[in-house]
Each structure stands twice: as structure tokens, then as C-alpha cells.
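Based on the hints, put chains C, A and G in the right spot on chain Y.
Number of protein chains: 4
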Amino acid sequence: MFTNRFEESLDFFVDVYGLTESGRDADSVYLRAFDDYEFHSLKLTRSKTTGVGHVAYRTSSKAALDRRVAAIEAMGCGIGWTEGDMGHGPAYRFRDPDGHVFELYWETVVFEPPSGEAPAIKNIAQRYHGRGACPRRLDHVNLLAVDVRAIKAFMVEALGSRVTEEILLDNGRLGGCWFTVNNKGYDIAYAEEHTGTPGRFHHVTYVTDQREDVLRAADIFLENGIHIETGPHKHAIQQTFFLYVYEPAGNRVEIANAGARLILRPDWPTITWTEAERKKGQAWGLKTIESFHTHGTPPIENAGGHHSGDER
Amino acid sequence: MFTNRFEESLDFFVDVYGLTESGRDADSVYLRAFDDYEFHSLKLTRSKTTGVGHVAYRTSSKAALDRRVAAIEAMGCGIGWTEGDMGHGPAYRFRDPDGHVFELYWETVVFEPPSGEAPAIKNIAQRYHGRGACPRRLDHVNLLAVDVRAIKAFMVEALGSRVTEEILLDNGRLGGCWFTVNNKGYDIAYAEEHTGTPGRFHHVTYVTDQREDVLRAADIFLENGIHIETGPHKHAIQQTFFLYVYEPAGNRVEIANAGARLILRPDWPTITWTEAERKKGQAWGLKTIESFHTHGTPPIENAGGHHSGDER
Amino acid sequence: MFTNRFEESLDFFVDVYGLTESGRDADSVYLRAFDDYEFHSLKLTRSKTTGVGHVAYRTSSKAALDRRVAAIEAMGCGIGWTEGDMGHGPAYRFRDPDGHVFELYWETVVFEPPSGEAPAIKNIAQRYHGRGACPRRLDHVNLLAVDVRAIKAFMVEALGSRVTEEILLDNGRLGGCWFTVNNKGYDIAYAEEHTGTPGRFHHVTYVTDQREDVLRAADIFLENGIHIETGPHKHAIQQTFFLYVYEPAGNRVEIANAGARLILRPDWPTITWTEAERKKGQAWGLKTIESFHTHGTPPIENAGGHHSGDER
Amino acid sequence: MFTNRFEESLDFFVDVYGLTESGRDADSVYLRAFDDYEFHSLKLTRSKTTGVGHVAYRTSSKAALDRRVAAIEAMGCGIGWTEGDMGHGPAYRFRDPDGHVFELYWETVVFEPPSGEAPAIKNIAQRYHGRGACPRRLDHVNLLAVDVRAIKAFMVEALGSRVTEEILLDNGRLGGCWFTVNNKGYDIAYAEEHTGTPGRFHHVTYVTDQREDVLRAADIFLENGIHIETGPHKHAIQQTFFLYVYEPAGNRVEIANAGARLILRPDWPTITWTEAERKKGQAWGLKTIESFHTHGTPPIENAGGHHSGDER
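Chains as they are written, first to last, in the UniProt record's numbering: chain Y, 1 to 312; chain C, 1 to 312; chain A, 1 to 312; chain G, 1 to 312.
Looking at chain Y on its own, in the form it has when it is part of the complex (with noise of 0.2 Å):
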């Protein structure tokens, strides 16, 4: 994740959304939230924009790297290898069709908690050290794109994602499509860009136990002068219990709860929301606020010379 202001978004994470650091190197802090099994689950990166700089997903294994990568390459989308980063090692870069990138790799660092950080109980990563927000892990990135449904047959042909819920726009197009490739209901979601702006980023999500975190959350953000956009609030679509804020550098965040709801149906059908059950607004009934649909970074005026990846 890139950001214009650095050290406060570094506040942000850390003090309020309440991450740990793994380590940094001249540009960029690691960040990971306390069961977060990796080395890191955000990068944040100095920047004179925001948005995001790529997403990265670890195979399931080496074999399924292979299996992925060539299916890749054999859809022209490809990019090619880096040596890795401080948190994994090799990895495989690509380009979904609105541009932004894309790293798959299987090699990586297991977080190794620092004397300190070992958790008394030992089969989560990290102790739980109750600062700030908390969440216990990564859980999913949404990202905007100017044509959703291209995407939604890319993910599946890329990826071997499985689209568990779309929203089908009266004039045929995909407002939103959620993607996963394991048993939670999404691991990526797109929306639909509506400024043709490509590459642009909607936002980025870690997850609490408990729906009461959320809530607490939303204290938290308050009292440490945190803009709330919305929530926390119940969607419709995946039933996540979510509360989104803005990092100081305007890069949307979310904290949110799916309760124990997963997708333990193997031939799970994708559930299709129309334009009209769209309106009806969230779960309970709260109108979407009208920035969810326009608020993206980095923002539309820096926007002019952005090319989507690294090249900061």
C-alpha cells in the first residue's frame, strides 16, 4: 500500500489499527496483524501517491505455483519473476486486466515472534497484544475495476477462484464480484470503477473475532480523530459486519466480522444480486453512502500519470 503520508499512516496502523511491525527497510514498514502466519500481510510504502502497489497471494503449494504460472503465461497476462521481498521469497508477477498487479509465490517467511511477542498459548502466531483495533488476521482486498466482468473471468482462469456472490447491473454489466480460492466467502472483490480510471484500489480488510471488536473498533477510530465513512453496519452481500475508515493518506481500510458463516459447499453456486436489490441498501437496511461508490486511490486528479504496480 503506498501512502503520501507516511509516518502518519504508520501511526495509523500500528497505534489505532493496532498492527505489529515486522521490519522495514528504507521505503517501507511490514506490517501483520498478531495471527497473521507470515512474516508480513501489509506492506506500506513511502510514496508520492496512494493506492495500492500489487497484491500478492501464496499458492498452496510449489506444485500449484507451477500449475498457476503457466496458466499465466499461457494467457499473455504475464509479467515475470522477482527475487521476492524481506517477508517471501520468489515470486511471479502478472497483470489482471485492469492493470493492477498481481505476485503469486510459495516460498515465504514464517513469522518467528520476537521475545515479547510469543503468545501464551501456542498455537497462534503472535500474542495478542490488544492495541488499538486488534484484528486477528488479513482477510481480504477489494479493488475497483473500469470492467468487472473481464475480471470475473480472469480470476477464475488465473487464480482457480471460485465467484461466490456478483452484482448483475441492469445494463448487463457487474457492479461487484467476490472471489475466494479457500473457504472464506472472499479473499478478493471487485467493484465497478465508474470514473474509467484503471488500477485504481476500493480497500483493504482485516477481521476480528468478534462482532463486539467491531464495534469497539469504531470507538477507537473515534476517539483518535479517524474519519468513519460508514458502519459499522451489516452487508447484505457476504453478510460481513463491517466499518470502514479512511488511514490518513485516504487509502480505505475496513475491520470487519463474517461470524462463522464460510463456504463449506464445494459446488457453491454464485449467488447474483440484481441493481434493484442493490438499493435496498445494506443487511438492516442503511443506504449505502454515495463515496463507496467514488472513493478509490489513489484519487482521480494525481491520477493523470499513475501507472498501477511498484514504479512509485
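You may find that some hints are simply not true.
Have a look at the derived ranges for each label pair, beta carbon to beta carbon [stated by the list, open to error]:
no., chain 1, residue 1, chain 2, residue 2, range
1, C, A64, Y, D66, 16 to 24 Å
2, A, H227, C, E301, 55 to 63 Å
3, Y, E83, C, T272, 33 to 41 Å
4, Y, A153, C, P269, 46 to 54 Å
5, A, T82, Y, E290, 51 to 59 Å
Computed footprint of chain G on chain Y, listed as stretches where at least three residues anywhere in the stretch have a Cβ under 8 Å from a Cβ of chain G [as the list claims (entries may be wrong)]:
no., stretch
6, 97-107
7, 166-180
Which chain Y residues face chain C? A few, computed with CB under 8 Å, are given here [said to hold, decoys possible]:
no., residue
8, G23
9, R24
10, R136
11, Q239
12, R261
For the record, the hints were derived by calculation from the structure and aren't laboratory data.
Each residue gets a CB set at the ideal place from its N, CA and C atoms; glycine is no exception.
Quick look at chains C, A and G alone, frame taken from chain Y:
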């Protein structure tokens, strides 16, 4: 699940625990939680005794079913095919090393909510009816086995399960073992049977969305005269927030919450607990109640002529 | 409370909201929450219209009743004594400056749970039945008044209430005022009536033990087709976690949670909110829904010949 | 509260339990919860031992203070006036029949939040800082007494307290007694001291808004190496959701939640529990841990020359 107090057990599961009846035949009622996608997740059967008749898994595909059947037949523990049941199609039966009967099937009956039970939001299986403890879905079963180490080898080979956690006793035996075939921490667990009696049942667990639902369930059990064995508290192993009761016929039933904890690491290493660690008690210090190590169904005194499996 | 859809309203209050019927006569059903200690806390009455017939307070002693009656008679707004009701003894009636009828009484009928409703733990009034939203107890009522400033002076003098919070509009009028006679933040509140119609009702509120109960209630209302007006969210004023619905006849009903907040300071100074502060919306930024300022019962179109009070 | 491990106790109360320091002098730090309206609610004092120096009540008015002092002087147990403390004005001291020192005062120092601690919403005392367990406010203290029946008579006469619940042992003695001067179920409780040693302290309790906060506190205590004695569970008596720990010097500290339960009945009859009822354990069946009946501070072995009161 067998019960020798059929009407009382049924009242418990429907009105107190909060499952819904989706069908019945001469000897059994088919029950499900509100977001179980299949016709049923618990078949309650009138019997002379208690315990479990069989445990069934739906495979991830028809091909997966064929692979598992081939593996199990090669292991020499298969029983053969049945025509299925009210809730699913043809099933392949086999026995674990302790004599418990299992089934595997692919063809299932997806639950279609009758009038009045359709959910307000169409991405869950049935409306949240709010009756009784009202858990969301089946989570796991726990069986007793004389030789848990034999089970550990068996489940990995027969079902392709991963071993997420285990208890290694000082005498070299396994005191317990937790298995999963998906991203949950476990879908089945085994605990050591100290009496030498094979085929016994420890408990079945449905999960709630929130820990508060478990606390609320405690009041519901209390007010309905249901015996609470232990909890609510948090297990150290798997960190599940648990509450155990005995349904009227004596089968142990749990209602639990796992928060946002999932096994998302594909190369998750088995967590091994020592006997000393187990003696420390549960996560927040509660000593494990003695009956948790001894109570199983059917009771030993009735188990003389017991043969596990559906022959009741 | 009056309803012109008596059966539907009663179904709502018993099966969805979770009150219990403790008695009935020709036109009314007497309802109570599980831990209300009195025979009833809500009298639902068949009527041609909606709104509130009267609001009743039990005094803290017989002597206190006498003192209040003397004070009210001196103020010239008394109506006189009634013989009481199924749930309480003789009551003294009076009108607030907006015409709402009030009663004061000391002798009450303490609820004696019938067979099957006795609590498992004897220090609460009735068992936790868990039906519907199942709030614990009556918390407060909220009335509309054309002149809230007149109400402010009145309640302090007539009931000895403390004013805990208020909204001071830029035009010098009071937009709302919150009163208490005990350690709760408020037992009655008034909001400004913009139509000039006196005697209208804004809402009645029962409270739950936990915020999770309010979130759960939202699902119960949703699944039962009850109109959710706004929430769940947290009020800035009084910091109550709220959820407002319309019962089938249109009366607004709230279910709420106040956490551990109490007014324990004997010299609590009134918190005064400006119009600008109110415009900021609720605690976490939710904009106050327009209907919250306009919807009251009975509706204005039916209110032409309306006389507040029990004459329905 | 006295501590012979001052720095460790202070670290516990500030960083783990989540109180805030509002002042200090040579031997004491003044602490408060975020919504306590007074300067302090806990004075932690460096000492050779542990236990409680005195318990202080603010009266409801200056006149009430005068009435209480007159009553206490008439009872012959008064000590006399002190000039007050950093947090309040002149205080009248007296002893309960077990020798514990009490103070009564009217003039207080209302907390004024320093820069950075002002709440986002102005109707609470300090911002919700979210540090540690972060309870909302002081709730009650619990003292040990050799003769609880003498205490029962004393508190009613000296403070005008109401007796809300009590334990009547088979031998005719009182095992415990709960008192209140407001709408809470209790502000002070006494349990029988079995050793004959007078003046000991059982625990102090702050409350959270939600039970989830208590569960979360359990994780925080666990991760910080704080000894958890028992809980979380629900007491049968008062139905408080409790969690007891020992602060580093050994004083027992509770964090609790009472839900929406209040004593709103002015003629509340004392609930009397028999010894048999107490033996049933806590609300959901947890057996009361033995140390709960024996552990008090200061420990008995150090108590030989102990004189209760501030002389440390």
C-alpha cells in the same frame, strides 16, 4: 445420533439447541442448523441406547469420492455402498480402526426452505429463526478411540485429512488428535478411550457467529434444565470458546465459537501438546472437568453387546 | 400504547420483540420484559388509532407519592385519582404541558411467575425465555412536545427529575431534553414536535444486557418483516446503542443497550448540545434519518380530533 | 490499596487493567477508569504489605454528609475528620465492626481531562483510550469480615444502605452480604473471614460495558502473565459476569459486567441464599474455587501486627 429418549432429545435439539426439522421417517428425524446448506446435518434416531451410528462426509467432487473410495478399499477397511438416505445419494461405508462407521458421498440434497423459512437475505440457507441457542452450522464431531495413534495414521490416509493439533502423552500415546479437510481448525477430533471399549462417541458441535451466542446459550440451557458439564471457557487447544451439555439421553453436545481463527497456512505444522501442558487446564486456567475424560456414549454399562454402526 | 392493528401488534411484542403476556382484559393485553419486577410494563390497547394513552411512574414510597401529588396539585395540572389497574393500585393522573397524561402510584402488583416461568436463579423476576429479541426491562419512553422548554421546567418540578442532557437550538428553543429520577441516564425524554400537534408519542425502549443482543434483534426484525427505521448505531447523546423499528401499527419501538453507563454523580451538570453538534450525526457518524424528526404516533392526518389520554 | 510491589502493581493497573494516572505524591498514585467522573477512584499506595487502607463514599449532598456523620457518631464508631486528599475535600472517618476504615465526603475534585485525554463525545469523563482491559468505572469493593451479621446491621444504619442479597449459612451465620446505596445491585459486599483476622480485603471491581470486554480482558491477563483465579463465568448471586485475578502484589482484582440489571424496585426484598444453594456453584455450574473463600489481603502470615487503616 442414537437416543433412547427420543422425544426428549428431539425437543432439546429443536426447541432448546435450535435446530430445525427438515424431514422424518419411522425412526429418525433429520435436523439442521439454519445455515447448513444440506438437507440435514444431524440424523436423530430412536434406539435402545445412545452414541453415534455413523459419521458422514460429503466429498469435494465426484472424482474426489472415487479417489477416497479407492484409497479406503486399498486399506482394507471398506464396508461397501449404500443407497443413501433422505438427505443424500449413494454413500460408501467404512470403519475407522476403532470401529466407528463412516460414510462418504457426493450427491446431496440441498436444503430448500419451505414457506416461512426462506431467509430475508438470499445468501444463507434458511432464515435466522432465533429459536433456542440457534447455532449457524455443524462444525465437528469428536469420537473416542482406544488407540488414537492408529486413528492419526488412518485419517490422513483415508480422508487426506491434515493433523492440526495433537496431545502427546508421557507414555508415548496420543491423548487426542484434531483433523481437518478444509480451512477450519478441525472437522473431527478423537480423544483417548480409557476403558478399552471401542466405538464410543464424545460429542458433536455446532458453532455460533459470536461468543455472546454461547453465553446466551448457557442461560437457555440453564433455564431449560439441561445439564451443563463445563464452560463457557476457552480451550487452549484450537482456542475454541466452548460450552458442553448433555442432551436428555446423555449424548454430549457442544456449542462453540472459533472467532476468526482459520488454518490458512497450507503447510501448517502439527501443534503437539505435552501432558504437562495439558495439565495446565484450559486457556484461562479452568481445570478440565473429570467427566470430560470419562463420559462417552453409549455408557459402558450398556456397552457389553454394543456393536458400533447403524445396527441399533 | 394504542394500536389499530391489535393482533399484529401483539404478535410483534410477544413473538418478535420478546415480551411476555401477564394478563388481559376486554381491550388490553398487559406485557412485561423478563426482568421487569412489576405485573406489567406495557399495556397494549385496542384503539382506532396509535400513540400513547398514558405514562406511569411508580414512586419510591407512599410518602413520595403524597409529596408529588401535592406538588402537582399546586402546579394546577392534576386530573385526579383513579382506582388503578390490573397491574397497580390507586394512581394519580395529571397532564404535562403538552397534554400527555401521566400517572403516579405506589401500590403495585409484583409479578409472580406462573408455572414454567420461574427463573432458574431466583434473583430475577422471570426466567430468561429467549423468545424473540428478549430485552431485560423497560428503560424509557420518548414523547414529542411542541414546547420542550416548558417540559423541562415541568418535569423538574412535578417529578423531581434531573435534566441530564439537552439540545439547545440556535433559535433558543430546546430540540430535546432527557430526564431521570434514578441512576439511569434517562427514564423519559422529549423531542420537539415540529407540526404543532400536541400529545404525540415518539418511542418506547426496552434494554438488553449486551449490544450483541441489539445486533441479534436486527436480524430477528429483518427476518420477521419488521420495518427497521435506523440503527444499530450509537447515539452521541447519552451514548445509547440503539435500534429503532415500527411495530405493525406504526408506533416506534426501540431496543437499546447502555453498557455500564450510569449517572452516579449526584451533582451531574446538564450536558447541553448545540444545533451544530447535533448536525454532526450520531456517535460514529451516521446521519440522523429524517423520519426520526417527523414520525410520531398517532400520525398527523388522523390527529385532527385527537385528544391525548386514554379516551380512545 | 496497599502494595508491597509498587512498580509492578502500578504497571498492572495502568497498562494491563487499563486505568489512568491522574496524580501522584510521594507514596501514592491516583488512578481512575475512563468514565469515573472524580479525580480518582483508586489510590495505590506503597506499603510493607497489601490490603486496603480505607474505603471512601461520596455522599449525595452536603446535607446527606451531615446526616451520616451524625448517625455514625451516635453509633460510637467515628474516628473524626481529615482534611481530605488530592482527589476530594474534608472527609469523615469511621470504622466498620471489623475494623476497616471508611471515609465519607461531599466536596470532590471533578476530573478534568488533560490535553489528549478529552473524549470525542463530551458526555463521558475521558476518552475511551482502549489500553489494556479498559473498564468504564469503579463498581464495588468486597471486604472480609469475621461477623458479617454485625456488618449487615451496621451498613444499614451507618450508610443507609439496602441489603440486596445475602447468604444464610446452616449455622445461622451470614456467609456474605451485598449492600447498595443506589440502583446498582451492590456497591459493597462482605464475605465471611474464616481465620478470625479482622480488616482484610477481598477484591475491588471495575465494570466494562460488555461481557465481551471481560472475555477480552482474560486474554490480556493471560498474555501479560497475570494470575487468573477464576472465571470468566456468571455468579448466581447478583448474576454478575466475573473474572478474578491477583495483581502482582496479591490483591484480588475483578473485572465484571452486570448487563442491564439494576435494582429499580424501591421495596426490593433481600434475596436470601441458603448454604445448599451456594454449594450448587455459580450460575452455569462452575464450582467456586477454594481460594475464593480463603485468599484475602494482607496475607494472614503477615497480619500478626496488622492494624487496618492507613497506618502502613
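Structure-based check of each hint:
Our hint of 16 to 24 Å for A64(C) and D66(Y) holds, since their Cβ atoms are close to 22 Å apart. Distance hint for H227(A) and E301(C): a CB-CB separation of about 57 Å, consistent with the stated range 55 to 63 Å. Evaluation of the 33 to 41 Å hint for E83(Y) and T272(C) yields a pass: the beta carbon distance comes to about 35 Å. Under the hint 46 to 54 Å, the C-beta atoms of A153(Y) and P269(C), about 37 Å apart, miss the expected range.
Separated by about 53 Å at the C-beta atoms, T82(A) and E290(Y) satisfy the suggested range of 51 to 59 Å. A count of 0 residues in the stretch 97-107 of chain Y with a Cβ less than 8 Å from any Cβ of chain G is obtained; the coverage claim is therefore unmet, three being the minimum. Proximity of the stretch 166-180 of chain Y to chain G, defined as three or more residues with a beta carbon under 8 Å from a beta carbon of that chain, is not established by the 0 residues found. Because the closest C-beta pair between G23(Y) and chain C is about 19 Å apart, greater than 8 Å, the hint is violated.
Interface hint at R24(Y): violated, since its Cβ lies 24 Å from the closest Cβ of chain C, which is beyond the 8 Å cut-off. Of the supplied interface hints, the one on R136(Y) holds, with its beta-carbon coming within about 5 Å of a beta-carbon of chain C, less than 8 Å. For Q239(Y), the suggested interface contact is upheld, since its CB lies about 6 Å from the closest CB of chain C, less than 8 Å. For R261(Y), the suggested interface contact is upheld, since its CB lies about 7 Å from the closest CB of chain C, less than 8 Å.
The earlier numbered hints that this structure contradicts are 4, 6, 7, 8, 9.
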